[in-house]
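Novice: Residue numbers (the working numbering), protein chains in the order written: chain X, 7 to 255; chain A, 2 to 381.
Honestly, the hints are just simulated from the structure, not real lab data. Mixed in with the good hints, there may be bad ones.
[What the hints assert, rightly or not] Some chain A residues well away from chain X (every beta-carbon gap over 10 angstroms; in silico):
#1 Tyr41
#2 Val174
#3 Leu295
#4 Phe300
[Said to hold, decoys possible] The following label-pair restraints were derived from C-beta to C-beta distances:
#5 Pro140/X to His20/A: 32 to 40 angstroms
#6 Thr19/X to Arg377/A: 20 to 28 angstroms
#7 Arg377/A to Gly76/X: 44 to 52 angstroms
#8 Val85/X to Ala8/A: 52 to 60 angstroms
#9 Val34/A to Leu243/X: 56 to 64 angstroms
#10 Ala69/X to His20/A: 49 to 57 angstroms
#11 Ser145/X to Leu359/A: 52 to 60 angstroms
#12 Ala69/X to Tyr290/A: 23 to 31 angstroms
#13 Thr37/X to Ala9/A: 54 to 62 angstroms
#14 Ala26/A to Ala232/X: 53 to 61 angstroms
#15 Leu233/A to Gly146/X: 32 to 40 angstroms
#16 Ile39/A to Ser145/X: 32 to 40 angstroms
For clarity, every value in this text was computed on a predicted model and none was experimentally measured. Glycine residues also receive a C-beta, built at the ideal position from the N, C-alpha and C atoms.
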Amino acid sequence: MSQAMNGAAIEATGLVRAFGRVRALDGLDLTVRAGEILGLVGPNGAGKTTFIRSVAGLLRPTAGHLTVLGEAPGRRVAVHIGYMTQSAALYEDLPVRDNLMFFAQLFGLPRDEARSRTAAALVVVELTGKERVPIRHLSGGMRQLTNLACAMVHGPKLLLLDEPTVGIDPVLRLKLWDHFRELNEGGTTILVTTHVMDEAERCHRVALIAAGRMIAVGAPQELLRAAGVGTIEEAYLVLRERHANGGTP
Amino acid sequence: MRLSRIAAIALRILRQFRHDPRTVALIMIVPLVVMALIGYLIGDPGKEPLPVAVVNLDAGADMPSGHVSLGAAIAAALDRNGQLAVEPSASAQAATERVRSGAVAGAVVLPADLTQEVLGGAPVSIDVVVMGTNPGLQGPVIGAMQEAIANLAKTAGAAAAGFKAPPLSIRPVPLEGGVGLSPLDYDAPILLTFFAFFLTFLLTSVSFLRERSSGTLERLMASPASRLEVLLGYLLGFIGFAMAQALLILGYATWVLDVRIAGSIWLVLLVIAILLIGVVNLGIALSFYARNELQVVQFIPLVLIPQVFLGGLIWPVQTMWPPLRWLSQLFPLTHSTVALRAVMVGGEGFGDIAGRLLALLAFSVAMVAIGVVALRKQRA
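The following block holds chain X by itself, in its conformation from the complex:
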């Protein structure tokens, strides 16, 4: 956490997003501080992806308040956001480099800068030498690395990672987390969703959510202490129980 932690990168208060009669977000309060890695933890259907998509400007909140980097989510602030989708969203026919160049230019980088940033991003994710390989010939892990490179090629201030390590082997998972930390040390705020609990422990702070609401938020150690257990997994269950019974998180 090299950056100042006083500002808020994302601020959600009473955030509601309904799909028909289902409220995927049901009055969520959450602040992501500038410069931190915040892990959003919850089971499937807890509202993690809905929250990330709202921050990315893809979903309009039904009610409540949401600011991203001090602005309402949308095209204006989108320049400063990198969004790594759950499954690798890439152009299968295009080589790795063309994918990166495309997203760099989509975010408004001039050609020369896009080229140098692409080269730099490929170094970061250790894909140099694979520039000319079409995505469809890449392994699942390399796709995910390319996916990350596409999300960060334009140098975003805020990186949204939606379950970035699903289906990734343990070795590559550790490597991806090294990249996340490296990017964070370079000043990028990271919001990462996961239901892999040991990943949560790598975050500066963890927000536990269930059914579109906040259960508890704090540093991993704080949560473990508060729940009086040894793993985030157990902490989640204990704190959710406590929350459901009306206790304070």
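With chain X held as given, fit chain A onto it using these hints.
Specialist: Okay, now just chain A, sitting in the frame of chain X:
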């Protein structure tokens, strides 16, 4: 080999169909619709007669048996022909104007001295004015005239002894284009517009579907790019590609097949470009209603068959039941076919096809609007 395994596979396929009602509907409905259309369009009953202007200037001649007018006889024969709707016209000039405006398929001009000359044994040729760009329009008119003259010879020969086959002939007068052109000359514009439409629609809808299913559309929408920028990017990319295809077809038609292109090649490309703006957006809009490539393919007959059958590509629009005729005016291929034939076969200019261009433009603007609305669903 175990029967139960084979049965399990067969039953699974049938079960899958049950969960895909759209495919089933398409398999059942499309052949019926197509057969109904073809049955209607090929069969005579129910078809509207083709409007034809007849100018009868023939003064006739007084014979011992009484006053004879071959002109009146021919006009009456045309009138009796169920395929034509004859409208009398006062002068050749007025009738020609009706042909030019497209109000009638052709104009038959019966000269003033027709009966006199024929009785005197002199050969007479009767002018049939046609546009010369659409064989579906000029063919029936010329055919009906040939029939009328042949019948005249029969009845007249029976009525008056010594009056053999009158030395009558038909002289087609194409205002543009021609009547002796090869079928390919007439059909090249159709092939051009059909391929441009079909391939662009297929490419756009499939590639947009992939954009959606691969998640890259999500990424595009989370970027600073606006919906309009995305649409314009798509337009430019696909139209560039489709124009290259159009040039290839045109080049092959001109140099290899020796097809006539009387008008400006730029005007041909303009017609195609305007058409394709609409097609790209139609493809984008419809791709939102498809979950996979197979479903996109299912849209093809829905989009193409009515246009091909009712748009004047095969049978002239003018002979269709009026509600179908009005419907055909909503189809872009109707207008692009007429416009391309006018330019390529008839050598017409920008001003002559401006109305058709406007219709195509209206289609394209409507489709762009639908495309923007469809994209809005992606960012809500």
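Novice: Can you tell me whether the CB distance of Val85/X to Ala8/A sits inside 52 to 60 angstroms?
Specialist: Cβ of Val85/X to Cβ of Ala8/A: about 59 angstroms, so the range 52 to 60 angstroms holds.
Novice: Between the beta carbons of Ser145/X and Leu359/A, is the distance compatible with 52 to 60 angstroms?
Specialist: Once the Cβ atoms are compared, 54 angstroms apart, the range 52 to 60 angstroms for Leu359/A and Ser145/X holds.
Novice: Starting from the hint 23 to 31 angstroms, judge whether the C-beta atoms of Ala69/X and Tyr290/A obey it.
Specialist: Distance hint for Ala69/X, Tyr290/A holds at roughly 30 angstroms.
Novice: Range first: 44 to 52 angstroms. Now tell me if the beta carbons of Arg377/A and Gly76/X are that far apart.
Specialist: 26 angstroms, violated
Novice: Could you tell me whether the CB distance from Ala69/X to His20/A stays inside 49 to 57 angstroms?
Specialist: Given about 36 angstroms between the Cβ atoms, the range is violated.
Novice: Evaluate the given range 32 to 40 angstroms for the C-beta pair formed by Ile39/A and Ser145/X.
Specialist: The hinted range 32 to 40 angstroms is violated for Ile39/A and Ser145/X, with Cβ atoms some 52 angstroms apart.
Novice: Just want to verify: Leu295/A was marked as not at the interface with chain X; is every Cβ pair farther apart than 10 angstroms?
Specialist: 18 angstroms, holds
Novice: Taking the beta carbons of Leu233/A and Gly146/X, is their distance inside 32 to 40 angstroms?
Specialist: 34 angstroms, holds
Novice: Could you tell me whether the CB distance from Ala26/A to Ala232/X stays inside 53 to 61 angstroms?
Specialist: 58 angstroms, holds
Novice: Beyond 10 angstroms from every chain X Cβ: check whether that's true for Tyr41/A.
Specialist: 44 angstroms, holds
Novice: Beyond 10 angstroms from every Cβ of chain X: is that where the Cβ of Phe300/A lies?
Specialist: 23 angstroms, holds
Novice: Hint says 32 to 40 angstroms; check whether the CB-CB distance for Pro140/X and His20/A agrees.
Specialist: 34 angstroms, holds
Hints 7, 10 and 16, counting from the list given before, are not met by this structure.
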